Amino acid sequence: MIELTGKKLGEYQIIGRIVGRSGSDTARPSVSRVYRAAPSGGGEAVAVKVFSANLLSPEARTRLRDSLRVVSQLRHPGVAPILGSGVVEGQPYIVMPYFSAGSLADRYERGLASSLNPSELLNELTAALDVAHQRGIVNGSLRPS
2 MIELTGKKLG EYQIIGRIVG RSGSDTARPS VSRVYRAAPS GGGEAVAVKV FSANLLSPEA
62 RTRLRDSLRV VSQLRHPGVA PILGSGVVEG QPYIVMPYFS AGSLADRYER GLASSLNPSE
122 LLNELTAALD VAHQRGIVNG SLRPS
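Numbering (our numbering), first residue to last: 2 to 146.
It should be emphasised that the hints constitute simulated quantities derived from the structure, not laboratory data. In this text the structure is predicted, and so the values were computed from the model without any measurement. It cannot be assumed that every hint is accurate.
Computed Cβ-Cβ distance ranges for the label pairs, DEER-style [what the hints assert, rightly or not]:
id : residue 1 : residue 2 : range
1  : Leu123    : Thr6      : 21 to 29 Å
2  : Asn124    : Ile3      : 12 to 20 Å
3  : Ala39     : Pro119    : 30 to 38 Å
4  : Arg76     : Leu143    : 15 to 23 Å
5  : Ala81     : Ala114    : 14 to 22 Å
Even glycine gets a Cβ: it sits at the ideal position worked out from N, Cα and C.
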């Protein structure tokens with residue numbers, strides 16, 4: 002997978018990688034990497050998710066393309082919108098809002114989640130998943146954190 006930190010991708014300047022809680026993605030090959038980026042003309046930071054086309058079979062690439070098309074049409078407060086997409090060096094990418102609070106686990110570690118009502122949180126999560134499932138989208142990377 003290509004490294005994009007410091008490069009320009011369309012209208013975005015890639016600032017750096019966003020690494021998951023494990024701190025490393027070397028345990029198994031990942032089919033995607035997520036970067037934090039800044040719009041060239043100013044504005045709020047975004048997250049750019051780049052998919053490794055060489056780790057995906059042709060069928061998986063087709064499923065990814067079809068899924069992203071459906072996801073781009075979802076409208077729900079619990080589903081991050083796709084702001085843009087493209088291909089860089091043969092690898093497809095999508096642009097989404099950047100959420101600086103991080104994952105739910107990150108928020109708990111920093112003491113930012115103590116005011117969250119678990120029941121409300123679960124209701125919001127299941128409502129967002131329901132919207133996606135009704136459109137045939139299954140989130141294969143949903144984690145408890």
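Hint check results:
no.: 1; hint: Leu123 <-> Thr6: 21 to 29 Å; verdict: 36 Å, violated
no.: 2; hint: Asn124 <-> Ile3: 12 to 20 Å; verdict: 40 Å, violated
no.: 3; hint: Ala39 <-> Pro119: 30 to 38 Å; verdict: 34 Å, holds
no.: 4; hint: Arg76 <-> Leu143: 15 to 23 Å; verdict: 19 Å, holds
no.: 5; hint: Ala81 <-> Ala114: 14 to 22 Å; verdict: 18 Å, holds
The structure fails hints 1 and 2 (numbered hints given earlier, in ascending order).
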